[in-house]
Amino acid sequence: MDAPASQALFERAQQVIPGGVNSPVRAFRAVGGTPRFVASAQGPWLTDADGRRYVDLICSWGPMILGHAHPDVLAAVTDAATRGFSFGTPSENEVALAEEIVSRVDPVEEVRLVNSGTEATMTAIRLARGATNRSVVVKFAGCYHGHVDALLAAAGSGIATFGLPDSAGVPASAAAETIVLPYNDVAALEAAFAARGDEIACVITEASPGNMGVVPPLPGFTEALRRVTRAHGALLISDEVMTGFRCSRSGWYGLEGPYDGGAPDLFTFGKVMGGGFPAAAFGGRRDLMALLSPTGPVYQAGTLSGNPVATAAGLATLRGCTDEVYARLDVVSQAIAGGASDALAAAGVPHRVQWAGSMFSVFFRDAPVTSYDDAKAQDTEAFRAFFHAMLSRGVHLPPSAYEAWFVSASHDDAAVEHVLAALPEAARAAAAVSGS
Numbered sequence: 002m003d004a005p006a007s008q009a010l011f012e013r014a015q016q017v018i019p020g021g022v023n024s025p026v027r028a029f030r031a032v033g034g035t036p037r038f039v040a041s042a043q044g045p046w047l048t049d050a051d052g053r054r055y056v057d058l059i060c061s062w063g064p065m066i067l068g069h070a071h072p073d074v075l076a077a078v079t080d081a082a083t084r085g086f087s088f089g090t091p092s093e094n095e096v097a098l099a100e101e102i103v104s105r106v107d108p109v110e111e112v113r114l115v116n117s118g119t120e121a122t123m124t125a126i127r128l129a130r131g132a133t134n135r136s137v138v139v140k141f142a143g144c145y146h147g148h149v150d151a152l153l154a155a156a157g158s159g160i161a162t163f164g165l166p167d168s169a170g171v172p173a174s175a176a177a178e179t180i181v182l183p184y185n186d187v188a189a190l191e192a193a194f195a196a197r198g199d200e201i202a203c204v205i206t207e208a209s210p211g212n213m214g215v216v217p218p219l220p221g222f223t224e225a226l227r228r229v230t231r232a233h234g235a236l237l238i239s240d241e242v243m244t245g246f247r248c249s250r251s252g253w254y255g256l257e258g259p260y261d262g263g264a265p266d267l268f269t270f271g272k273v274m275g276g277g278f279p280a281a282a283f284g285g286r287r288d289l290m291a292l293l294s295p296t297g298p299v300y301q302a303g304t305l306s307g308n309p310v311a312t313a314a315g316l317a318t319l320r321g322c323t324d325e326v327y328a329r330l331d332v333v334s335q336a337i338a339g340g341a342s343d344a345l346a347a348a349g350v351p352h353r354v355q356w357a358g359s360m361f362s363v364f365f366r367d368a369p370v371t372s373y374d375d376a377k378a379q380d381t382e383a384f385r386a387f388f389h390a391m392l393s394r395g396v397h398l399p400p401s402a403y404e405a406w407f408v409s410a411s412h413d414d415a416a417v418e419h420v421l422a423a424l425p426e427a428a429r430a431a432a433a434v435s436g437s
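All residue numbers in the sequence shown are consecutive under the numbering used here, ending with 437.
Hint data in this document are derived by calculation from the structure and do not stem from the laboratory. It should be emphasised that the depicted structure is a prediction, and the values quoted were computed from it without experimental measurement. All residues carry an ideal CB built from backbone N, CA and C; glycine is no exception. Mixed in with the good hints there might be a few duds.
Unchecked claim - DEER-style ranges, computed between Cβ atoms:
{"id": "1", "residue 1": "E418", "residue 2": "S41", "range": "38 to 44 angstroms"}
{"id": "2", "residue 1": "A422", "residue 2": "E110", "range": "46 to 52 angstroms"}
{"id": "3", "residue 1": "V17", "residue 2": "E418", "range": "37 to 43 angstroms"}
{"id": "4", "residue 1": "A302", "residue 2": "R250", "range": "26 to 32 angstroms"}
{"id": "5", "residue 1": "Q301", "residue 2": "S104", "range": "21 to 27 angstroms"}
{"id": "6", "residue 1": "G303", "residue 2": "V103", "range": "17 to 23 angstroms"}
{"id": "7", "residue 1": "S41", "residue 2": "A82", "range": "17 to 23 angstroms"}
Claimed, not checked - Derived pair list, reagent style DMTMM-like, types lysine to aspartate or glutamate, alpha-carbon separation capped at 25 angstroms:
{"id": "8", "residue 1": "K377", "residue 2": "D343"}
{"id": "9", "residue 1": "K377", "residue 2": "D367"}
{"id": "10", "residue 1": "K377", "residue 2": "D186"}
{"id": "11", "residue 1": "K377", "residue 2": "D150"}
Use the sequences and the hints to build the structure in full.
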């Protein structure tokens with residue numbers, strides 16, 4: 002499908018922006034073709050620079066849980082903006098947003114607001130190192146925690162899409178402080194701690210990974226993380242940047258917790274809690290958070306942290322995430338995932354649907370996906386054909402086989418029917434290249 006206006010914008014962008022995009026997955030390198038430059042969005046619909054409309058199954062990679070330009074969020078942002086864009090001083094909105102987060106996730110007693118998920122995970126790790134006086138971090142292959150040097154080893158999402166095992170520019174000294182283990186592998190975890198337990202400051206894990214596709218923890222895995230870290234005096238960081246307030250009112254913890262062995266020590270949040278604006282947070286027990294400056298020795302700061310407009314958007318979004326909203330997300334996601342599975346099965350395309358609340362992924366393989374190696378063993382050519390067939394029929398999927406699909410409460414019956422009508426042809430397009 003031609004997209005001349007988007008193509009012209011992409012050519013302009015490539016003259017002044019590396020690769021023409023400001024986040025790699027947007028470049029369509031994994032699927033080919035021209036990335037769509039979106040001019041506007043409303044509810045469940047995107048409109049591109051060529052005037053074409055698409056049902057949006059990206060939802061800005063998760064934040065737009067209520068839909069684009071939701072009236073309540075728009076009103077809150079407009080009101081906040083009329084009062085000033087940034088103060089460089091404390092304001093009431095940041096207190097209210099912190100109170101909302103603390104009220105939703107029981108183990109979190111205090112939070113610090115930052116500007117991105119990367120900042121949240123970076124500082125949570127610094128805090129863990131400061132609390133334990135240790136330096137080594139354990140992460141899992143396929144889990145993505147932002148573009149922190151020490152964590153860009155065997156990451157998912159963009160790294161998986163481009164087939165890069167690491168990132169250039171990451172010092173060997175930073176990588177040496179990171180142990181990368183296979184996800185869902187308790188034996189590997191226990192072996193790592195047996196060998197280096199007195200050096201390990203923390204284990205960081207996506208609460209339910211979504212950056213290699215949705216790969217939930219196997220039963221007992223999170224409990225094992227808690228048991229092993231506690232036995233060795235290390236902290237457990239649960240990264241809920243993606244799942245937080247998306248999977249449930251209390252994120253993944255609300256679905257799987259509380260745990261017999263106790264809650265994670267620290268949590269990171271982003272996406273939904275920012276309502277589409279640059280906002281994130283990390284939090285946990287009061288005694289740990291007290292180690293942060295200005296009350297403790299672990300330094301962290303940010304000029305725009307707690308920005309009054311961003312916190313207004315986040316607060317309005319969280320307050321709008323009612324039980325009815327989560328029920329609608331379940332209905333919509335089940336309808337779309339079920340339709341995709343039915344269409345692919347009818348076309349004879351091997352596939353597997355996996356879930357984390359209303360988040361889901363369609364893997365183009367016929368076996369369960371429990372690790373990064375499993376996720377990589379799928380038919381990306383079949384996904385590519387499927388993606389473009391859906392795009393040409395007005396449905397914008399994430400442009401990578403290694404991503405979660407997101408829906409919003411604004412996806413009404415008309416939007417769902419539009420998606421369902423596009424699926425049979427897309428499945429046949431995938432079947433035409435499947436296994437090739």
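When you check the alpha-carbon spacing of K377 and D343, does it fall within 25 angstroms? 23 angstroms, holds
Could you tell me whether the CB distance from V17 to E418 stays inside 37 to 43 angstroms? 40 angstroms, holds
Pairwise hint evaluation, D150 against K377, where the allowed Cα distance is 25 angstroms at most: 23 angstroms, holds
Range agreement (Cβ of R250 with Cβ of A302, hint 26 to 32 angstroms): Cβ of A302 to Cβ of R250: about 31 angstroms, so the range 26 to 32 angstroms holds.
Just to be careful, I want the Cα atoms of K377 and D367 compared with a cutoff of 25 angstroms; is the pair within it? At roughly 13 angstroms apart (the allowed maximum being 25 angstroms), D367 and K377 satisfy the hint.
Can the suggested window of 17 to 23 angstroms be confirmed for the beta-carbon pair G303 and V103? Given range 17 to 23 angstroms: holds, Cβ gap about 20 angstroms.
Quick check on a hinted range of 21 to 27 angstroms for Q301 and S104, using CB atoms only. Taking Cβ atoms as reference, Q301 and S104 lie about 23 angstroms apart, which means the hint holds.
With 38 to 44 angstroms as the target window, see if E418 and S41 comply at their CB atoms. Since the Cβ atoms of E418 and S41 sit about 22 angstroms apart, the hinted range of 38 to 44 angstroms is violated.
Falls inside 17 to 23 angstroms, the C-beta gap from S41 to A82? 19 angstroms, holds
Assuming the hint says 46 to 52 angstroms, is it satisfied by the Cβ distance from A422 to E110 or not? Hint holds: Cβ distance 48 angstroms, inside 46 to 52 angstroms.
Hey, K377 versus D186, does the alpha-carbon distance stay inside 25 angstroms? Judged against 25 angstroms, a Cα distance of about 17 angstroms means the pair holds.
In summary, the structure is inconsistent with hint 1 from the numbered list given earlier, while agreeing with all the others.
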